[in-house]
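The listed protein sequences derive, respectively, from chains R and G. So the first sequence is numbered by the working numbering: it starts at 974 and just counts up by one. So the second sequence is numbered by the working numbering: it starts at 974 and just counts up by one.
Among the hints, a few may not be true.
Said to hold, decoys possible - From the structure, some residues in chain G lie toward chain R, with a derived Cβ separation under 10 Å:
#1 Gly995
#2 Pro1036
#3 Leu1037
#4 Ala1038
#5 Phe1134
#6 Ile1174
#7 Lys1179
Unchecked claim - Derived lysine-lysine pairs resembling BS3-like cross-links, with alpha carbons at most 30 Å apart:
#8 R:Lys1162 to G:Lys1110
#9 G:Lys1162 to R:Lys1179
#10 R:Lys1179 to G:Lys1179
#11 G:Lys1022 to R:Lys1179
#12 G:Lys1053 to G:Lys977
#13 R:Lys1066 to G:Lys1179
#14 R:Lys1022 to G:Lys1022
#15 G:Lys977 to G:Lys1022
#16 R:Lys1162 to R:Lys1022
I should point out that these hints are in silico values taken from the structure, not numbers from a laboratory. In this text, a Cβ means the ideal position worked out from N, Cα and C, and glycines have one as well.
2 protein chains.
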Amino acid sequence: MAQKDTVDRILDAAEALFAERGFAETSLRTITSTANVNLAAVNYHFGSKKALIQAVFVRFLEPLADSLTLRLDDAEAEAKELSLDDLLVLLSKAILSAHGDDVTRTASFMRLLGLAYTQSQGHLRDYLSERYGRVSKRYLDVLRPACPELSDTDLFWNTHFALGAAVFSLSNYGALEAMLSDDSGEESKVQNVIRRLLAFISAGVKISL
Amino acid sequence: MAQKDTVDRILDAAEALFAERGFAETSLRTITSTANVNLAAVNYHFGSKKALIQAVFVRFLEPLADSLTLRLDDAEAEAKELSLDDLLVLLSKAILSAHGDDVTRTASFMRLLGLAYTQSQGHLRDYLSERYGRVSKRYLDVLRPACPELSDTDLFWNTHFALGAAVFSLSNYGALEAMLSDDSGEESKVQNVIRRLLAFISAGVKISL
DNA sequence: CCCGTTTGCAAACGTATGTTTCAAACATCT
DNA sequence: AGATGTTTGAAACATACGTTTGCAAACGGG
């Protein structure tokens, strides 16, 4: 089929539109007309708007969880001690590689993650933490021995500070980039910001009160 | 009058409801019934829902901007060099003191700030940056010489990483605190988290690529 | 006390939304 | 080819929303 499947076209449109306008601000009519699909198709294929939102997240997070699991398996197979920076790079590579190093789409999806946190969307938080709780817990378990000098409370808050820095800056990447004078190099700007972010996080996470 | 003024009751209800559910997800009917006020009162006193949202932000940010300006005046009057940590403490004290050290309300309002960033709400971003651009620019101007070893690009990204860490963690403070085992000391937990946050930011901002 | 203005209230209006319906088009299998 | 199950399409439905209206009550200066 020359045209992509209806389901995928809906998911593509929904992912992009949600990211730039939020969930409640994006109507099914906008989504379906962007996707060149009949309005009823969303309820037919997904059942409801809520379910569509969940499907958008699952389509992105499933490969990410797989990629992360795989890399953690590899790392543990080598049985070497993983440093904090090793783990940060591992995570960022897992995220980026999960969708063919499409940095734009990844940054756009980070915006969705930010929305999922701030916007109440209770059903989403419950669903995601139920579905991906195991992977994130495993990552944290590996992170724990990489920061032996930190107490559990230190680590807890520092990781959430780091998560905030990542989600916030990447989800607002578009707006932030526009504020910069364009004298900086053109190529792979996002990559550079990610390098900056990792350095920032690496320094912060090591702090204990 | 025993009852607070209608305008204030609306603002109180709107601030709390917006913070916990988002802008689009909070209807005027929910706001007015929470405030025990007639539905039409919002459009009468504020003109529109958009204007109400702006008014909520102005009521909170105006004292904050004043407090920050005052403290910057004092600091510059002493003509001492302000270190990065001095400036972080100055800012956090300005934020907290602006509303009688009501940490709960401050944390709740941080959530609103996060929403203002993530949800498109273009009118809000424009309005706020037009109204408070001068104060924030002044703070950044003082911050600049406190980090002499950083390039402008370094400083730009690091401050936004820091902002993300702050907004995200404080705006989700309620949910995060609930995840912690309650063995930690009861008193002034928020204050402790703010101390942690400042240490985290202080370490991260100093990083250059 | 009166009258112009402000505030409060109930009801309605117009619109946009998520969802449902049901018949037509399509695909798949025997 | 014909029957059967799946997918699309246009239209309608029910509801929730922001906003407006019309009028009564309260207020305040002359």
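Verification of the supplied hints:
1. The criterion of a C-beta within 10 Å of any C-beta in chain R is met by glycine 995 (chain G), whose closest approach is roughly 5 Å, and the hint holds.
2. A cut of 10 Å between beta carbons decides the hint on proline 1036 (chain G): the least distance to chain R is about 24 Å, and the hint is violated.
3. Against a cut-off of 10 Å between C-beta atoms, the interface hint on leucine 1037 (chain G) is violated, since the closest Cβ of chain R lies about 20 Å away.
4. Taken as an interface hint, alanine 1038 (chain G) does not check out: its beta carbon lies about 20 Å from the nearest beta carbon of chain R, beyond 10 Å.
5. The beta carbon of phenylalanine 1134 (chain G) comes within 4 Å of a beta carbon in chain R, closer than 10 Å, and the hint placing it at the interface holds.
6. Given hint, isoleucine 1174 (chain G) at the interface with chain R, holds; its Cβ is 7 Å from that chain's nearest Cβ, closer than 10 Å.
7. A cut of 10 Å between beta carbons decides the hint on lysine 1179 (chain G): the least distance to chain R is about 7 Å, and the hint holds.
8. Distance hint between lysine 1162 (chain R) and lysine 1110 (chain G) is fulfilled; the C-alpha atoms sit about 24 Å from each other, no more than 30 Å.
9. Between lysine 1162 (chain G) and lysine 1179 (chain R), the direct Cα distance comes to roughly 21 Å. Compliance with the 30 Å bound is thereby established for this hinted pair.
10. Straight-line distance between C-alpha atoms of lysine 1179 (chain R) and lysine 1179 (chain G) comes to about 14 Å, which keeps the hinted pair within the 30 Å bound.
11. For a cut-off of 30 Å, the pair hint linking lysine 1022 (chain G) to lysine 1179 (chain R) is broken: about 44 Å separates their Cα positions.
12. Between lysine 1053 (chain G) and lysine 977 (chain G) the alpha-carbon distance is near 44 Å, which puts this suggested pair outside the 30 Å criterion.
13. At most 30 Å may separate the alpha-carbon atoms for a hinted pair to count; lysine 1066 (chain R) and lysine 1179 (chain G) meet this at roughly 25 Å.
14. Distance check on the hinted pair: lysine 1022 (chain R) and lysine 1022 (chain G) sit about 25 Å apart at the alpha-carbon level, within 30 Å; holds.
15. Distance hint between lysine 977 (chain G) and lysine 1022 (chain G) is fulfilled; the C-alpha atoms sit about 21 Å from each other, no more than 30 Å.
16. Taken as a hint, the lysine 1162 (chain R) and lysine 1022 (chain R) pair is broken in the structure, with Cα atoms around 34 Å apart against an allowance of 30 Å.
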